[in-house]
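Novice: For reference, the chains in residue letters:
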Amino acid sequence: MTTPTVFATSRPGREGVWPEAPKKPASEYIDQSLLRAKPAGLPSLSELDVVRHFTELSRKNFGVDGNFYPLGSCTMKYNPKFMERVASLPGFAGLHPVLPQLQGAGRLCQGALEVMHETERMLCEITGMAGFTLHPMAGAHGELTGAMIIAAYHKDKGRKRTKVLCPDSAHGTNPASAALAGFEVVNIASKDGMVDPEALRAAMSEDVAALMMTCPNTLGLFEEHLPEIVKICHEVDALLYYDGANLNAILGKMRVGDAGFDVVHLNLHKTFGTPHGGGGPGAGPVGVAERLTPFLPISRVIKLEDGLFSLDYDYPKSIGYVAPFYGNFGVLLKAFAYILRLGREGLVRVSENAVLAANYLRARIGQFLEVPYDRICMHEFVCTAAKLTEEDGVRALDIAKALLERGVHAPTIYFPLIVKECLMIEPTETENKETLDAFVDTLSDIVSLAEADPTSATEAPRNLPVTRLDETAAARNMVLTDDL
Amino acid sequence: MPYVPHTEAEVREMLAAIGVDSIEALFAAIKPTLRPKSFDLPPAKSEMAVTEHLERLAGRNAAGLVSFLGAGVYDHHIPSAVDAIVSRGEFATAYTPYQPEASQGTLQAIFEYQTAVTRLTGLPYANASVYDGGSALFEAMMMAVRATRRTRFVVSESVSPIYRIMLASYTSNLNLTFVTVPHASGATDVEALKAAIDTETAAVIVQNPNFFGAVGDFSELFAHAHGVKALGIVSVNPVMQSVLKTPGEMGADICVAEGQGLGLPMSFGGPYLGVMCASKELVRQMPGRMVGRTVDTKGRTGYVLTLQAREQHIRRQKATSNICSNQALCALRALVHLCLLGEEGLTRTAGLCIERAHYAAKRLTALPGVRLLSEAPFAHEFAVLLPKSAFEVIDKLTAQGYVPGFPLGRYYKGLENGLLVAVTEKRSLQDIGVMAELIGGAL
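Protein chains in written order, with our numbering: chain A, 1 to 484; chain B, 485 to 927.
So here's chain A without its partners, still in its complex pose (with noise of 0.2 Å):
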């Protein structure tokens, strides 16, 4: 089922939302030679034209809303409803940001300010740092204002720090990120699914600005050697970051800042329940360890003596801007509002609930699956296909496929990098055990079925709108646009 694109569907004339006319055209206030010279060449729908559209289109998407959506490192727990009213309060989604930089206009947004205030207080008390910026607005953003922190604290130390250390199992955010600021990067090999402290050890020096952990590891397990791997990076006063998109499964079972680590992002679309988005917009917030708060972004939101919320700009040492304002605050709202909703003992629950079930998963998948690190894991882990691609020519891509055939959203599939053919299992804490057990009933007679009949197995999916797609053609062709 084709759904032709707005631009074949238009019929010039044909009246959407439109405004009132104005009295005169452009061209009697601006000179003609700066107008273009035709119509861009937009849609012309009615409105129930793109209503129509657009619903169509939904159907044509899997979301945690109507699929399980086991997508591990992407935390795709369900999104509570409420969450998206408090962000669309007109007193909220209504507010201009350049307010409070006003002359005395804190006073017209204390709401908004506390509610910045207040966020980066519960952030810092969840991840024991001394402070947050709620500015950057994804997590490889994060990385990146993490990474900044980093260079201006080494250089405020009037140091030449070149290197960020990334382990082999590490997101590809993580090197990017680091890349981007200005460091080479230097990559670690992971020994027994864990950070070898001897190859650290081997690549630490007075170079090194900073080594990048995932923890629990993209393979989701616990790094045990986390206390020596602190011990030998801050010997040379090189710095820990914690890449927080597995913070789901540690929530008051350990506080990064108490662990060691002094700069961290979290990703609020992942463990706070903000809703993803089909790829965005997150929010990417990162805290930092007392040493390093002179350098975090401005502005800052602080609390004055009469209880009154003001912008503070006046930090010398700051990185700067890598916001235009404040971050994503109607993302933030939603976050805030999770924290809440939930508490003290329902974040606990939450960390608790996830391991629980993706160990459930890893016991009962792992009877027909070989998972390469089978021990207790905690909110993600990963199996692999291997064997099946040997013996049937079955890959996980093959697996991947055939659970969207099912209704089942497909794990990440191929990381981390160090397991072949793997698939990387995630469920979060939010499925019931009925859909946990049809999952792995699911997946268990796709493997079975995968050894039976292997040419079968590379055929789907075929029920969806469409089969697999031909992406070198896409890359080749470049068909971007209508209009190409």
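Treat the hints as calculated values from the structure; they're not laboratory data.
Heads up, the beta-carbon is just placed ideally off N, CA and C, and yes, glycines get one too.
Among these hints, one or two may not hold up.
Stated by the list, open to error - Derived contacts from chain B toward chain A, CB cut-off under 10 Å, selection only:
{"hint": "1", "residue": "485"}
{"hint": "2", "residue": "673"}
{"hint": "3", "residue": "699"}
{"hint": "4", "residue": "787"}
Let chain A serve as the given structure and place chain B on it in line with the hints.
Specialist: Just chain B, lined up with the frame of chain A:
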């Protein structure tokens, strides 16, 4: 417990299947020395209680002021159908479309978004969005560094000072050089920019309309830059782009925009939308995701993420950018907004803003001692010089329920009396009249 469905009996069954006797046993790897020193958070609250708390906080914000604030963020009408469509769970609760067969909705929408913004800007290629207009400008700079292998940038002072601070912050460890060319009484000084471009220059960066609202034509400037193999980068307003000369018509190589005006609420600064368009030569330098059209095994049309070898999940530290999550749902909002308004609706919106801004300028300049900062043509936003501090005038008017504009002295030394006034279709002629009278009374 909210959002956690397991009953006690189910927890026991699951623990038995795992082979441990308690949930705590699952956390044995986290040794006692690593356990939290504190976890002092408030107790859980009901949905109603949290909602009421947030409603109270929302009530302590003066969102209802009659506002002429702009400075890059504009209060446009958002059709109701925008919210109705983007709040559908199939869009809102999906992840990045890495599994195309289960994500054709998101993928086709991004493809249509790419088409819409390329038509607005006149440049042939677009990506699926970055965070905001400022980070888009930074990414455009990095594209220019890679494409030209040069590190010197010529930037007009009339480019948003907020974005210029972002550029300086992001690049502080990258050994790039900025030459900032002063504005000419609010206008972009094309001759001075041309004079500042040399054979080491990677790109010249301008904004249209510029931060002061002035509209220009940068065809000559970009041609001059091309003469020394430098690129032309322009930051634009997507609503005004329905009527203004396009970056494509001017020969720009990269165009960026803050897409907030396309159906996104102001929301105290985000989430917004970084729009990026580029020429064909630069498409492989683009950061982030792009969607391409292709066919499935049965020959049917479908959409996929493409040219992914540029991206961090494949290329790691050699990627064109570190971006992963972008602003996908905001891009969807922009697309739906553009579809609902259509060619006629967006042109009318721009026309109405321009007309009312000119009315406002007429009313304000009729006040004694008030004059336009610049003689350059303007669109929906303009700057006036008051006979006294703009900060004081704004302060006085906010107490009366009006915000007459943005104080230019916030970012420009010497322009303490400068007031930047933005007018959207939501401000009536009467609003403008009252605002002008109040300013008259405050002078």
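Novice: With reference to the structure, classify each hint as holding or not holding.
Specialist: Results for each hint:
1. 485: Hint holds; residue 485 of chain B Cβ to chain A Cβ min 5 Å, cut 10 Å.
2. 673: Nearest chain A Cβ about 17 Å off; hint violated.
3. 699: holds (5 Å)
4. 787: Holds: closest Cβ of chain A sits about 8 Å from residue 787 of chain B, inside 10 Å.
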